[in-house]
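Please model the entire structure based on the sequences and the hints provided.
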Amino acid sequence: MTLPALAETRPPASLTMAAALNAAIQDAMRDDPTVVLFGEDVGPLGGVFRVTDGLYAEFGETRVSDSPLAESGIVGTAIGMAIYGLRPVVEMQFDAFSYPAFQQIVSHVAKMRNRTRGRISLPIVIRIPYAGDIGGVEHHSDSSEAYWTATPGLTVVSPSNPADAYSMLREAIRSDDPVIFMEPKSRYWSKAELSLPVQTAPMNTALVLREGTDVTLIAYGPTVKTALATAELAEAEGLSIEVIDLRSLSPFDDETVGASLRKTSRAAVVHEAAQFGGYGAEVAARLTERNFFHLAAPILRITGFDIPYPSPKLEEYFLPTPDRILAALGSWEWS
Amino acid sequence: MSLNVEHLPESTLSVPQPLRLIDDAGRAVAPDETGGLTLPDPATLLSLYRRMVVARRFDVQVTALTRQGRLATYPSALGQEACEIAAVAALDSGDWLFPTYRDSIALLTRGVKPEQILASFRGDWHSGYDAYEHKIAPQATPLATQALHAVGLATAAKLKRDSTVALTLLGDGATSEGDTHEALNFAAVWQAPVVFLVQNNQFAISVPLDKQMRCRTIADKAIGYGMPGYYVDGNDVAAMYAVTSAAVQNARAGQGPTLIEGLTYRMEAHTNSDDPSRYRDAGDLEIWRRRDPIARLDTFLSESGALSDRERADILLEAEDLAASTRDCMTRTAPVDPLELFDHLYATPRTALREQRDFLATELADYADHAAHAADATQSGATR
Numbered sequence: 001m002t003l004p005a006l007a008e009t010r011p012p013a014s015l016t017m018a019a020a021l022n023a024a025i026q027d028a029m030r031d032d033p034t035v036v037l038f039g040e041d042v043g044p045l046g047g048v049f050r051v052t053d054g055l056y057a058e059f060g061e062t063r064v065s066d067s068p069l070a071e072s073g074i075v076g077t078a079i080g081m082a083i084y085g086l087r088p089v090v091e092m093q094f095d096a097f098s099y100p101a102f103q104q105i106v107s108h109v110a111k112m113r114n115r116t117r118g119r120i121s122l123p124i125v126i127r128i129p130y131a132g133d134i135g136g137v138e139h140h141s142d143s144s145e146a147y148w149t150a151t152p153g154l155t156v157v158s159p160s161n162p163a164d165a166y167s168m169l170r171e172a173i174r175s176d177d178p179v180i181f182m183e184p185k186s187r188y189w190s191k192a193e194l195s196l197p198v199q200t201a202p203m204n205t206a207l208v209l210r211e212g213t214d215v216t217l218i219a220y221g222p223t224v225k226t227a228l229a230t231a232e233l234a235e236a237e238g239l240s241i242e243v244i245d246l247r248s249l250s251p252f253d254d255e256t257v258g259a260s261l262r263k264t265s266r267a268a269v270v271h272e273a274a275q276f277g278g279y280g281a282e283v284a285a286r287l288t289e290r291n292f293f294h295l296a297a298p299i300l301r302i303t304g305f306d307i308p309y310p311s312p313k314l315e316e317y318f319l320p321t322p323d324r325i326l327a328a329l330g331s332w333e334w335s
Numbered sequence: 001m002s003l004n005v006e007h008l009p010e011s012t013l014s015v016p017q018p019l020r021l022i023d024d025a026g027r028a029v030a031p032d033e034t035g036g037l038t039l040p041d042p043a044t045l046l047s048l049y050r051r052m053v054v055a056r057r058f059d060v061q062v063t064a065l066t067r068q069g070r071l072a073t074y075p076s077a078l079g080q081e082a083c084e085i086a087a088v089a090a091l092d093s094g095d096w097l098f099p100t101y102r103d104s105i106a107l108l109t110r111g112v113k114p115e116q117i118l119a120s121f122r123g124d125w126h127s128g129y130d131a132y133e134h135k136i137a138p139q140a141t142p143l144a145t146q147a148l149h150a151v152g153l154a155t156a157a158k159l160k161r162d163s164t165v166a167l168t169l170l171g172d173g174a175t176s177e178g179d180t181h182e183a184l185n186f187a188a189v190w191q192a193p194v195v196f197l198v199q200n201n202q203f204a205i206s207v208p209l210d211k212q213m214r215c216r217t218i219a220d221k222a223i224g225y226g227m228p229g230y231y232v233d234g235n236d237v238a239a240m241y242a243v244t245s246a247a248v249q250n251a252r253a254g255q256g257p258t259l260i261e262g263l264t265y266r267m268e269a270h271t272n273s274d275d276p277s278r279y280r281d282a283g284d285l286e287i288w289r290r291r292d293p294i295a296r297l298d299t300f301l302s303e304s305g306a307l308s309d310r311e312r313a314d315i316l317l318e319a320e321d322l323a324a325s326t327r328d329c330m331t332r333t334a335p336v337d338p339l340e341l342f343d344h345l346y347a348t349p350r351t352a353l354r355e356q357r358d359f360l361a362t363e364l365a366d367y368a369d370h371a372a373h374a375a376d377a378t379q380s381g382a383t384r
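In order, the protein sequence lines correspond to chains X and Z.
Number 273 in the UniProt record's numbering belongs to position 273 of the first sequence; there are no gaps in the numbering.
Number 180 in the UniProt record's numbering belongs to position 180 of the second sequence; there are no gaps in the numbering.
A hint or two may mislead.
[As the list claims (entries may be wrong)] The following label-pair restraints were derived from C-beta to C-beta distances:
1. Z:A352 / X:L295: 18 to 26 Å
2. X:S311 / Z:P16: 46 to 54 Å
3. Z:L341 / X:E255: 19 to 27 Å
4. Z:G178 / X:P312: 26 to 34 Å
5. Z:R252 / X:P44: 29 to 37 Å
6. Z:A347 / X:P44: 32 to 40 Å
[To be verified] Partial selection, computed: residues in chain X whose CB lies under 7 Å from chain Z:
7. L86
8. I120
9. D177
If you are wondering where the hints come from, they were derived from the structure by calculation, not from laboratory data.
All residues carry an ideal CB built from backbone N, CA and C; glycine is no exception.
Set out below in structure tokens:
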């Protein structure tokens with residue numbers, strides 16, 4: 001299929017992550033008539049975070065539609081559409097509201113290609129606004145990534161900034177594999193100067209955002225900003241922190257992260273989700289297995305506590321902060 | 001106005017009598033009692049008869065092979081041939097079927113080869129046929145999930161202005177699942193060209209329908225979704241075919257979805273690992289044996305002169321040939337390749353998965369070496 005040429009590079013503009021995501025869907029829909037968008041409130045309202053603003057007006061009811069309020073139905077019907085050759089982009093309005101779709105995602109989205117020996121690919125993007133720090137009431141701030149990363153067959157990514165948000169969502173929509181696209185809600189309003197269309201590193205790679213020599217600090221999505229702030233503070237104290245933005249949770253970029261760890265010999269992983277059985281456990285385990293003799297100290301996890309996400313007045317005590325991260329790094333023996 | 005429950009109007013639903021065209025004894029139902037249905041022509045009925053006979057022979061053969069240990073499991077559709085064959089016969093070649101694990105004879109009737117149908121039950125791979133070649137989705141094992149896939153595919157066809165219709169098969173137990181509700185509702189709201197055919201075989205493994213719902217019929221539920229619902233004698237293939245064909249044609253004409261309930265009975269156990277004597281009355285089996293879908297059509301066609309002894313013998317011969325070829329292919333061992341485990345999961349290759357594949361390949365090579373050494377040792381021991 002010959003695609004129409006992308007609109008020429010637009011002049012630089014200050015864009016929020018929400019606007020960058022919006023532009024990514026818009027450009028994908030302009031380029032590929034098989035891309036369709038549906039979910040709860042994504043039509044005339046433009047989504048509760050306005051990520052789909054204006055798309056209903058441009059593409060109309062046949063390609064952008066409000067679905068009935070039922071997440072299993074949204075993902076289940078997306079599967080049927082993908083079998084018929086469409087590329088559905090669907091939204092799970094909030095992290096914790098994706099759980100009714102768990103069976104469709106785990107039993108079908110993840111397994112269909114394997115079950116059919118590669119005959120049926122499901123090029124579906126499931127957008128999940130996730131994590132907290134927005135003063136949300138219960139069920140609006142979960143970090144659900146480990147449910148998806150524990151499932152073979154799913155590609156799970158999370159951008160931390162507007163440029164990656166655009167580039168990674170474009171790549172996710174182009175991908176023939178189903179992608180769980182986790183959007184950090186607290187970063188929706190973060191801004192960057194961008195000339196769209198922008199292409200950053202491939203979606204399945206981690207990036208070193210700040211070089212350092214003493215510690216590798218591994219973050220993704222909402223905690224990348226926290227990790228960068230930590231590195232800034234640490235520098236004043238004479239500690240050189242290398243910050244890695246994982247970007248892709250599944251697959252995990254062993255090469256980039258391992259290389260950094262072998263350089264610094266110390267690593268910590270930061271996420272909002274609870275610690276026990278969390279994504280950080282996998283990061284620590286696989287890095288240890290592959291790099292044990294390069295390690296000067298155990299790999300640390302600085303994460304949410306092992307409790308449900310707290311109510312707004314208490315979330316500041318739950319979220320990993322630069323101070324908490326620095327204190328954790330200080331608990332290592334430094335010779 | 002106060003609401004007094006004693007003053008609520010009677011339900012507007014009529015006392016349900018399943019639609020039928022040919023009764024238990026093989027006689028045509030009087031024209032004023034068919035609910036407006038028309039009996040399919042003799043050639044169509046003969047074709048449905050032939051396909052039911054062949055399908056039953058296949059089903060019986062596979063159950064026997066399962067008891068002999070050739071298959072890991074097999075959910076039989078014995079007694080449900082009218083629903084299964086009507087569903088397939090109502091579809092055009094471009095339409096899609098979304099079946100469950102119990103619908104192997106529907107796959108057979110749509111042209112899937114026995115070894116491809118049975119690959120999953122034999123344990124070779126989770127699905128053994130090409131979904132796009134046959135326009136049949138992989139047989140769904142989680143209940144009712146496939147109904148949403150059917151709605152999505154039908155909606156995609158509608159968006160593309162294709163004439164494709166999707167038909168999904170469901171069981172009575174699956175109607176308790178949330179996905180059935182979501183599928184019916186999405187289909188109605190989106191006016192998707194999809195047909196829901198619920199085979200009410202009255203048991204979900206061991207649980208009878210009155211423990212699933214308080215409705216009088218499953219078909220009644222259609223009213224709540226804003227779509228037509230039909231309660232049909234699921235052992236009368238003439239009625240099942242007439243209703244399902246009309247529903248498919250309506251869907252194709254842009255009239256939206258239909259819910260069909262075929263009242264039938266699961267004559268076999270749920271699977272070979274089930275024991276129905278623990279929860280079913282043997283007397284019920286006898287009652288339903290007298291309502292057999294093949295026997296009644298045989299009587300009807302024979303008495304109307306549409307089925308001769310010669311034709312019946314030819315059909316039985318065809319059925320026996322299929323049973324023989326099914327036995328042949330299932331007594332052969334299909335090779336499986338452990339390294340294929342890694343081949344299909346992702347379109348985009350993954351380094352970490354390739355490492356696991358290499359690990360298994362090394363393990364297999366080591367094992368082969370050990371086996372070769374062991375064979376050498378045995379041989380030298382024998383010659384000493």
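So, going through the hints one by one against the coordinates:
At about 20 Å, the beta-carbon gap between Z:A352 and X:L295 stays in the expected band of 18 to 26 Å. At roughly 51 Å, the beta-carbon separation of X:S311 and Z:P16 lies within the given 46 to 54 Å, and the hint holds. Checking the proposed 19 to 27 Å range against Z:L341 and X:E255 shows it holds: the Cβ atoms sit about 24 Å from each other. For the pair Z:G178 and X:P312, the supplied restraint of 26 to 34 Å holds, since their beta-carbon distance comes to about 31 Å.
With their beta carbons about 31 Å apart, Z:R252 and X:P44 fall inside the hinted range of 29 to 37 Å. A beta carbon spacing of about 34 Å between Z:A347 and X:P44 agrees with the range 32 to 40 Å that was offered as a hint. Interface hint at X:L86: satisfied, since its Cβ lies 5 Å from the closest Cβ of chain Z, which is below the 7 Å cut-off. Annotation: X:I120 was flagged as interfacial toward chain Z, and the flag holds, the nearest CB pair being 6 Å apart, inside 7 Å.
Hint status for X:D177 relative to chain Z: holds, with the closest Cβ pair at about 5 Å, below 7 Å.
The structure fails none of the hints (numbered hints given earlier).
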